[in-house]
Amino acid sequence: MTGDRPLVLVLLEMALLVLLGPLVTGAIQKMKARLQCRQGAGVLQPYRDLIKLLRKGTVQADTASGFFRSIPVLVLAATVAAGALVPVVRVGPPAFPLGDALMLLGLLALARFLTAIGALDAGGAFGGMGASREMTIAPLVEPVLMMVVFSTALTAGTTELGALAAHRGTSWIVAWHAADFLGFAAMLVLLPAETGRIPVDNPDTHLELTMLHEGMLIEHSGPGLGCMMLATHMRQIVTLGLVAALFFPALPADSAGATGLLLGAGAFAVKILVLALYLALVESSYAKLRLFRVPQYLGVGFACALTALALRIL
Amino acid sequence: MSAETVHTIIDDLGALLLFTMILIVAAGQIYRAIYAVAAQSLFIAVAGAVLATATGNVDLWVIAGITLIVKAMVLPWVLHHVVQRMNIRREVEPVIPVGATLALAVLIVVVSFQLSASLGSVRQAITGNALPVGIALTLTGVLAMATQKTALTQMVGLFASENGIFFTAMSVTQGMPLIIEIGVILDVILAALVMAIMVLRVRSTVDADIADLDRLRG
Amino acid sequence: MSETLLWVLPVVPAVTALLMLTTHDRRILSAIDVCGSAVLLALTLVLAREVASGGPRAIGLLRIDDLGLIFLLLVAFLTLAVSIYTVGWLKQALAVGNMKSELLRSYFALVHAFVATMVVTVLADNLGVLWIAMEGTTITSAVLIGYHGHQHGLEAAWKYIIVTTIGISFGLFGTVVIYAAAAAAGLHGGAGALSWSAIMKVAPTLDPGIVRIGFIFVMVGYGTKAGLAPMHLWLPDAHSQAPTPVSALLSGVLIKCALLGIIRFQTIAAAACGPAFPAGVLLVFGLISVVVATPFILAQHDIKRLLGYHSVEHVGIVALGLGFGGRIGTYAALLHVVNHGITKALAFFAAGKAIARYGSRDMRVIRGLLSVAPIGGTLLMLAALSLAGVPPFSIFVSELLVLRAGIGQGHWVAIAIFLAMVVIIFAGLLHHVGSMVFGEPAAAVSREPETWSPLLGMMLLAAIMILLGLTIPASFDGLLRRATEIVR
Amino acid sequence: MYDGRAVGVGPRWLPVALTARRSEVWPRPKRGNVGVDSGLSLIAACYGVGMLSSLLARWSGRLAIGVGHLAALAGAAAGLGVSLVILLGGPGRTLTQPLPILFPFARLSLSVDGLSAYFLLVISLVAVAAAIYGPAYLRAHSPEAGRARQAAQVFALNMFLGCMTFLCCAGDALTFLLCWEGMTLSSYVLVVSDDRDGENARAGLLYMVMAHGGTALLLVAFLALTERGGAFDFAALRAAADHLDSTTRTTLFFLALGGFATKAGVVPLHVWLPRAHPAAPSHVSALMSGVMLKVAIYGILRFAFDLLAPVDGPLPPSWGWTVLVVGTISAVLGVLYALQQHDLKRLLAFHSVENIGIILIGVGLAMILWRQDGVSGALATVALTAALLHTVNHAAFKGLLFLGAGSVLCRTHIRNIEELGGLARRMPWTAGLFLLGAVAISALPPLNGFVSEWLTFQALLGGGSRVHGPAGLVIVFSAAMLALTGGLAAACFAKAFGVTFLGRPRTAQAEHATEAPPSMIAGMVWLALLCVALGVAPGYAIRLLDAPTAMLLHGPAASAVVTARGPLVLSAALTPSGTDATAISMTMMAALLIALTAMAWILRHGLRRSPARAAPTWTCGMSPTTRFDYTATAFAKPLRLVFAALYHPRREVTRETAGTPYVVQRIHYAGEIVDLAETQIYHRVEREISALSRTIRARSTGRIYGYIGFVLGTLIVALLLIGVIYR
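Residue numbers (my numbering), protein chains in the order written: chain W, 1 to 314; chain U, 1 to 218; chain L, 1 to 488; chain P, 1 to 727.
With a straight-line cut-off of 25 Å between C-alpha atoms, the simulated DMTMM-like cross-links for lysine to aspartate or glutamate are:
1. P:K637 to W:E214
2. L:K91 to L:E448
3. L:K100 to U:D207
4. L:K201 to L:E485
5. W:K52 to W:E214
6. P:K637 to P:E656
Rather than coming from a laboratory, the hints here were simulated on the basis of the structure.
Work out the full structure, taking the sequences as your base and the hints as a guide.
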């Protein structure tokens with residue numbers, strides 16, 4: 001099959017996501033602040049944090065093993081690589097196949113796994129608890145995510161996101177099948193969990209009661225922490241991009257040329273912002289759930305996803 | 001004499017044998033059992049003689065003689081001697097009430113007759129009621145062993161059922177080949193001696209009846 | 001030549017027995033013992049060659065055909081193995097006072113008399129002689145069982161002699177009845193009238209009704225002697241109380257001789273009233289035996305009783321093979337007779353050494369055998385695995401064939417029961433033996449090195465056990481086939 | 001003597017045996033593959049030498065171990081050679097070699113076709129590692145072992161390998177069964193020989209008994225075919241299967257499935273597995289988990305697609321669905337139980353249950369889709385490819401993990417990971433390799449576990465999109481369960497690796513552990529390379545799958561379907577049209593990851609290179625001790641609560657307080673979970689049977705008149721019966 005997206009474009013999209021990642025976080029923070037009637041920091045604040053962290057020196061736990069130093073690097077690499085699998089400015093299969101939705105989820109899982117390893121390395125209670133909880137939530141989230149992917153892939157006949165988006169490209173939200181609504185609902189339930197936000201996690205603190213992701217980062221410092229933060233931003237935007245590719249089919253793929261690229265980029269930005277707004281709303285209107293309530297919360301998503309699948313197949 | 005008379009005589013003897021067997025089963029005392037088995041052997045010898053005269057088969061005479069000597073005299077004497085040697089309580093203690101034993105004996109007789117009745121025509125080939133009587137004798141002898149506790153009565157029962165076999169052999173087939181009969185009888189004597197030795201041995205070492213030992217189980 | 005061999009064969013052990021009475025010296029006795037057994041085996045092999053080349057031979061009341069030859073080989077071979085084993089076993093038994101030196105010669109004499117009677121049983125063509133010899137085995141072995149002279153031994157001996165005598169007197173009755181049928185069918189004339197071969201000639205004309213009754217009597221009678229359930233109750237008592245070599249002979253050979261008797265009558269019955277009837281009877285008894293043996297094996301503590309119940313199970317399997325019938329079934333049954341004889345003898349030997357070492361037959365006492373007696377422990381384990389039907393040991397092959405015969409005949413229920421029991425028994429046996437072989441032994445256990453002669457005897461058997469598990473030599477196969485033909 | 005072709009019950013093996021001339025004992029190898037023929041004999045010779053070398057223990061146990069493992073290595077190498085020759089020898093390349101006639105009723109023969117060769121390959125790959133790893137491990141782990149034990153281990157190891165090899169090469173039922181039991185027996189010896197404590201004996205007992213039960217089922221299945229086919233060799237069995245009616249066919253399949261599933265450790269027949277596998281020496285555990293279970297998979301494939309398959313038309317639907325569902329259950333339950341294990345080797349053993357489940361999902365799917373009308377045969381090929389690929393993948397990473405666990409074990413003699421910790425600083429090589437294996441088994445890219453699971457997912461999706469109705473939903477649901485399994489596996493290995501190798505050492509043994517000897521490292525490196533290669537360039541491995549897939553499915557070969565776009569790209573078509581196939585390239589992804597890692601490294605270290613300052617771990621200001629480390633129990637606790645319904649967790653907490661309940665001096669916490677199958681099925685059955693036996697035995701009174709009564713009673717009953725029957 002002919003690839004609509006040359007390798008260069010794919011890499012560029014990846015770079016674009018890396019650049020925009022922190023911005024999305026900043027945007028969400030800003031919206032939250034607004035929704036909570038606060039001034040809030042500027043949307044560029046995450047960039048400042050990153051630069052500051054990358055400049056700082058490193059403090060490392062004396063019990064940490066040799067793996068510890070390489071963990072942030074690997075996590076970042078895995079997450080960024082996942083970014084290469086999301087169609088941004090143009091839909092359609094890549095010229096040279098790289099990976100599909102399963103690969104994307106796999107890479108995110110790899111990043112999460114390595115993060116947990118790093119958290120356990122220093123051997124403190126914070127890291128351990130964070131890792132334990134993260135690895136408890138993750139296995140419950142991933143299958144539901146996959147089911148949502150399946151529910152769309154079954155019609156498109158492929159799990160390659162570009163091709164999938166291209167296949168759904170013509171259908172706009174009015175043309176949604178019932179299964180799409182349910183799948184999207186499931187996705188909305190999952191989004192906070194996958195992006196580590198309230199009501200599942202709280203990105204703003206690593207206090208014992210709420211710590212999941214932040215708890216795992218506690219022993220990282222300086223550039224290492226920077227890498228981890230960047231990876232977090234990246235993971236967030238990748239997840240949002242996944243949702244966009246699955247449910248908000250982009251502009252028709254045939255819009256080639258520079259204009260098409262610009263249109264695609266704009267459309268992508270809009271989609272991401274909408275989803276970011278959703279996250280901000282949820283975060284500022286819900287409270288963090290107890291850990292053992294989370295399975296029930298995710299159960300809702302599971303139910304939706306399963307129903308979506310059923311509707312798709314039956 | 002004619003075949004019918006032989007048949008009738010054999011049948012009558014069979015009846016007598018069954019009677020003695022019932023005596024053995026119901027014997028309250030070891031001596032009675034021993035005498036009963038001796039009498040039984042005697043009748044069998046008589047039956048042998050009758051058949052011998054009827055068929056003119058010489059072997060049957062010999063067999064009858066051996067039976068008379070060995071089973072009607074020697075073995076009872078051995079048993080008697082054993083009882084003397086170990087001056088034990090003479091009365092037989094039954095495992096189950098004698099009435100039940102007798103009922104079983106009757107049942108056995110019925111079964112054996114019914115069984116050979118099921119044979120039908122072939123019975124004519126066999127002399128009269130000899131087969132069912134033989135079966136009944138053999139089984140009842142074993143019944144006597146199974147329902148009485150002392151070793152001596154078990155030996156008596158054994159000989160009684162052997163008698164049943166002999167009677168069948170004679171009356172049904174004009175006797176097995178002589179050499180076989182002799183071998184069988186020799187075996188029986190040997191077995192009797194070995195058993196007697198064992199009984200006395202146990203009586204002398206641990207003062208108990210060997211048939212009461214039941215330490216080996218499961 | 002071979003006709004003379006026929007009557008020489010029983011004479012050999014008899015003469016050996018008489019020779020035993022001439023001396024008291026243990027060494028000389030053992031020497032005579034081994035030599036006598038060796039001679040017996042040698043002559044048997046000669047006879048085997050003759051028969052293999054020239055077909056059955058008969059003289060007077062004795063007759064040898066391929067069927068009898070299988071059992072004869074088993075008798076002779078196991079006798080030799082037992083003799084070799086006895087050398088060292090005896091030394092040890094005398095040391096601990098298990099045997100009394102003044103009674104030694106009578107012991108050896110009795111053993112060989114016992115062997116002689118068994119040989120006659122195998123060679124007997126005349127069913128009467130068969131019965132006489134069978135009773136002879138009962139008497140001699142009864143004395144041997146009670147040989148230790150203590151109360152348990154005598155109890156076992158008494159139970160044994162009484163029950164089996166009853167049994168085979170039933171057998172005699174059955175013989176008489178069938179003889180009567182033969183006579184009715186016009187078979188007359190002296191000693192020949194009870195001859196098996198003669199009866200087989202007229203067998204198809206016999207009256208099925210009478211033959212049925214006769215066969216039932218024989219089945220129950222000789223079945224008692226063969227240890228088929230539910231007439232088996234004497235067996236564990238006797239096999240556990242006898243001196244170990246005698247136990248090996250009882251389990252390995254004697255019950256097989258009784259089986260031979262049953263097989264002889266089975267052929268007559270099959271010819272008279274169709275193969276279905278005797279096969280059905282054998283099948284039922286076989287299944288009952290396998291099922292009945294199981295719980296007693298599982299809940300057993302006395303190792304020799306355990307092995308005794310195993311004999312019940314395996315006799316049951318042989319009966320199953322005969323019951324499934326067909327060429328494969330019969331072939332399998334005969335093969336199983338040999339395999340089980342050898343394996344069981346090995347098992348008793350190994351168990352005997354363990355018992356001697358730990359001074360107890362209780363399997364809860366025997367622990368960690370492997371660390372105090374590596375070779376003995378290994379052999380015990382091998383014997384157990386073989387008994388349980390694990391390849392590459394001989395019993396697996398015969399059980400496989402039994403199973404195949406059953407499937408071929410479509411006895412699915414029987415097969416299901418059989419397999420279930422085999423697996424359960426396997427579990428029980430491995431549990432028992434495993435706990436004996438592994439683990440740490442008690443400190444009190446004697447750690448003296450193992451003596452050569454028992455090991456030699458055992459290794460001889462183990463070698464054949466494994467050999468027969470890996471292959472069936474062509475000559476042996478031919479023997480089995482011809483025997484199979486005789487039975488069918 | 002007589003004509004074996006006699007009618008009625010006459011066994012049909014007789015003519016075979018009668019015509020068996022001695023000249024056929026050593027037949028001439030067919031021209032053309034002489035080398036390979038001698039290869040088979042070479043394998044046999046090598047393992048034979050290995051078995052014999054146990055005799056050397058008479059003089060020196062060390063020597064025996066060395067020579068024995070060397071022979072095993074040679075045998076494995078020969079096995080690799082043979083299998084590769086067959087697999088690359090073009091389609092339909094098979095090699096048959098009659099064996100000497102051992103039994104008159106069966107002709108034994110070896111026959112290596114694509115399927116056999118592939119499993120031979122898997123066996124040999126792991127065997128190489130085990131043989132390299134073994135000697136040093138045995139010396140380091142049990143230096144006090146007596147010579148007898150060493151001899152037994154060497155003998156059993158070679159017998160084990162030989163039996164597995166020739167089981168896969170068996171050309172007839174009898175060879176198969178003999179090797180099957182030989183495999184069980186030798187592995188049993190290895191299990192009980194490792195330590196003399198009672199636990200190994202008990203584990204061995206359970207293993208042996210269940211294996212025996214399984215074999216019983218296999219016996220029936222094989223013999224039923226043999227009876228109909230008249231001979232033991234597979235050709236005759238196939239011919240017999242052609243004439244079976246559907247019910248018999250299905251019955252036989254389920255009998256065989258029961259037998260093989262017992263060996264494969266499928267839930268609920270798995271209870272022996274987590275006991276027996278850890279009990280063996282670690283390199284044997286690697287073989288048992290990595291290879292022996294696969295032999296059962298081989299058996300299932302051989303039975304389903306080769307021996308019992310109908311001449312044409314699909315397999316009976318009940319087969320495939322059963323296998324699929326059973327596989328899914330095994331996968332999920334296996335990983336769930338593994339999650340709560342704190343014995344490192346037992347944890348790994350439970351993961352074998354999981355992975356067998358994953359393989360069975362692929363197999364079952366292939367069974368379902370095979371020859372279905374309206375489904376392109378390609379999809380069945382994808383499913384089977386996924387299963388076979390996962391077979392070798394699991395062999396690689398599970399072998400690697402067991403070897404790693406073995407290194408830890410032989411240095412610390414501790415299997416409970418709660419007592420380990422901090423080993424990464426002391427055994428860096430082992431830690432790194434173990435981490436690699438952990439990533440692979442968690443099905444994370446870019447390693448091999450991900451590839452086979454990706455293929456499984458594609459096959460499942462394809463099945464879901466073709467099979468409509470509830471059935472399709474089942475398929476997709478099992479896909480979701482597969483995803484769950486992956487996530488849980490990641491959690492489990494984060495725990496296993498983290499608690500074992502990271503943090504602070506919790507015991508003196510862990511404190512003073514040292515790196516494993518180089519030869520053991522070498523063994524692990526071999527498997528690690530395998531994992532990486534299979535993960536980064538799976539296309540080349542898939543070429544090896546052409547022979548088995550084409551042979552079993554009579555359809556398109558694996559590489560024609562999966563690597564249609566060149567070896568670097570995996571592609572699978574979900575829709576029947578196959579237009580827009582999903583395609584991924586592990587190689588590209590690996591390259592991308594490497595490049596990004598390099599860039600991230602520069603970002604991390606390039607900007608400012610100041611040496612890292614070491615400081616104690618942050619524990620809210622308290623001086624950190626090992627008590628602060630998260631234990632495995634704590635780590636797995638949330639999931640234990642989430643899945644409490646399956647675990648029935650039990651806990652007792654005892655506090656020792658000083659007078660007032662507010663001053664707690666010591667808290668003792670003990671928690672355990674139960675294996676449902678074990679408690680609900682096995683313990684019950686065992687209790688019932690033993691209780692029944694004991695009561696029966698207690699009934700028996702040693703009264704002689706009872707004995708006589710039985711004899712008499714039997715006779716009378718028998719007489720009555722025939723009196724009634726033949727009236």
